[in-house]
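Let chain A serve as the given structure and place chain B on it in line with the hints.
Listed here are the chains, written in short residue letters.
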Amino acid sequence: MHELSIAYALLEQMEIVLLDHPSAAAVSVTVVLGAFSGVDPQAFKHCFEQAKRVTRFTDTSLFVQPIRPQTSCRSCLGVCDIDGIAIECPLCKSSDIEMIGTHEITLKSMEVT
Amino acid sequence: MCRDCGCNLSEHTHPVAHTHAPTRKIEIERRILSANDQRAEHNRRWLTERGVLALNIIASPGAGKTTLLEATLKSLSGRLQCAVIAGDQQTHNDADRLSGKGAPVCQILTGNACHLEARQIAERLPSLVKPGVDLLLIENVGNLVCPAAFDLGEHHKIALLSVTEGEDKPIKYPALFSVSSVVVLTKIDLVAHLTWNRQECIRNIRHVRADASIFELSAKTGDGLADWLDFLCNAVGRR
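Residue numbers (my numbering), protein chains in the order written: chain A, 1 to 113; chain B, 1 to 239.
In case anyone wonders, no lab produced these hints; they're calculated from the structure.
Nothing here was measured: the structure is a model prediction, and the numbers come from that model.
Backbone N, C-alpha and C define an ideal beta-carbon position, used for all residues, glycine too.
You may find that some hints are simply not true.
Unchecked claim - Examples of chain A residues lying across from chain B (beta carbon under 8 angstroms, computed): (1) 17; (2) 46; (3) 100.
To be verified - Taking lysine-lysine pairs in the BS3-like style, the calculated list, with each CA pair at most 25 angstroms apart, reads: (4) B:25 to A:45; (5) B:130 to B:74; (6) A:108 to B:25; (7) B:101 to B:74; (8) B:74 to B:220; (9) B:172 to A:45; (10) B:172 to B:130; (11) B:101 to B:220; (12) B:172 to A:93; (13) A:45 to A:93.
As the list claims (entries may be wrong) - Every beta carbon over 10 angstroms from chain A, so not counted as near; a handful from chain B, in silico: (14) 124; (15) 125; (16) 202.
The shape of chain A in the complex, shown without the other chains (with noise of 0.2 angstroms):
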């Protein structure tokens, strides 16, 4: 269950970022997460609800946007949506490629009053 831990990580990232908006209150925060982070999107946002009741934000609300693997081809430079894993570019068959979308657990932006 190291959703939990990525939980309090959160909470701990969004304290920082408010201390330069020390007026501010967090009415949501989003998170990017990969393919292959390993983090589960229901069990992290379980584990966010139960682990910001002792913090002071236990009015944000959680979105988790999930990003589809792509595959960057140094080929033909192309870039391509992907189901799952992929080994060669779909569009020029190249194995000269880098996958991206994959290993993200990012806190991408939080909603302030």
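Chain B only, in chain A's frame:
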């Protein structure tokens, strides 16, 4: 988002019997685990400055992590000075097994946590990694998912996969195998008793990590162990 009525507008005019302050969005784009990442980077720098190679060994429970470490410590005695951190939720069994083999051993009990974090490693480094240590072996908590997300400050993540687990774990659990530069296939002495397909397993590893270094060994019989030991010695020597 309006938290009173749930609509996506910060300021709206539709008739809802409430009032709320307008909101604004702060764009951040920061890794949630950035605090752990910073501690891990500090660990890596601390180890690198002392010429220590650190390996984060991750696998399912029962894949043979501790058995491989036992054989590794025994075989490297006199060649490399090692230190070991063993992570488990409960018991000192692994530390007990690894003690008395020429390397200082530290057991970290994580309680209910399913992974080690950089902070736990940082707390142990000064007392465990004394001058003269070449290689720090970190045996993570047995788990194919959670430990992959937490950088400990290692130089390599090493994924172990026992042949009894089948061929498809790399594509079922890409979170780990895609970030592991080295994969060790363990318990190859059991292949004769299984329907395990070596080519398929290696193809699956390459599918998620094309440049992975792959070792095939049995810590029990010693088959294939020499290549693994050479890799360790060469990796330490390059530091």
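Here's how the hints hold up against the structure:
1. 17: holds, 6 angstroms
2. 46: Residue 46 of chain A check fails; min Cβ-Cβ to chain B is 15 angstroms, beyond 8 angstroms.
3. 100: violated, 12 angstroms
4. B:25 to A:45: holds, 20 angstroms
5. B:130 to B:74: holds, 20 angstroms
6. A:108 to B:25: holds, 10 angstroms
7. B:101 to B:74: holds, 6 angstroms
8. B:74 to B:220: holds, 12 angstroms
9. B:172 to A:45: holds, 23 angstroms
10. B:172 to B:130: The given pair, whose Cα atoms are some 39 angstroms apart, is violated under the 25 angstroms limit.
11. B:101 to B:220: Measuring from Cα to Cα gives roughly 16 angstroms; hence the hint holds.
12. B:172 to A:93: holds, 23 angstroms
13. A:45 to A:93: violated, 38 angstroms
14. 124: holds, 19 angstroms
15. 125: Residue 125 of chain B is indeed farther than 10 angstroms from all Cβ atoms of chain A, at 21 angstroms.
16. 202: Holds, because the least Cβ-Cβ distance between residue 202 of chain B and chain A comes to about 13 angstroms, which exceeds 10 angstroms.
Violated hints, listed in ascending order, are 2, 3, 10, 13; each of the other numbered hints is respected by the structure.
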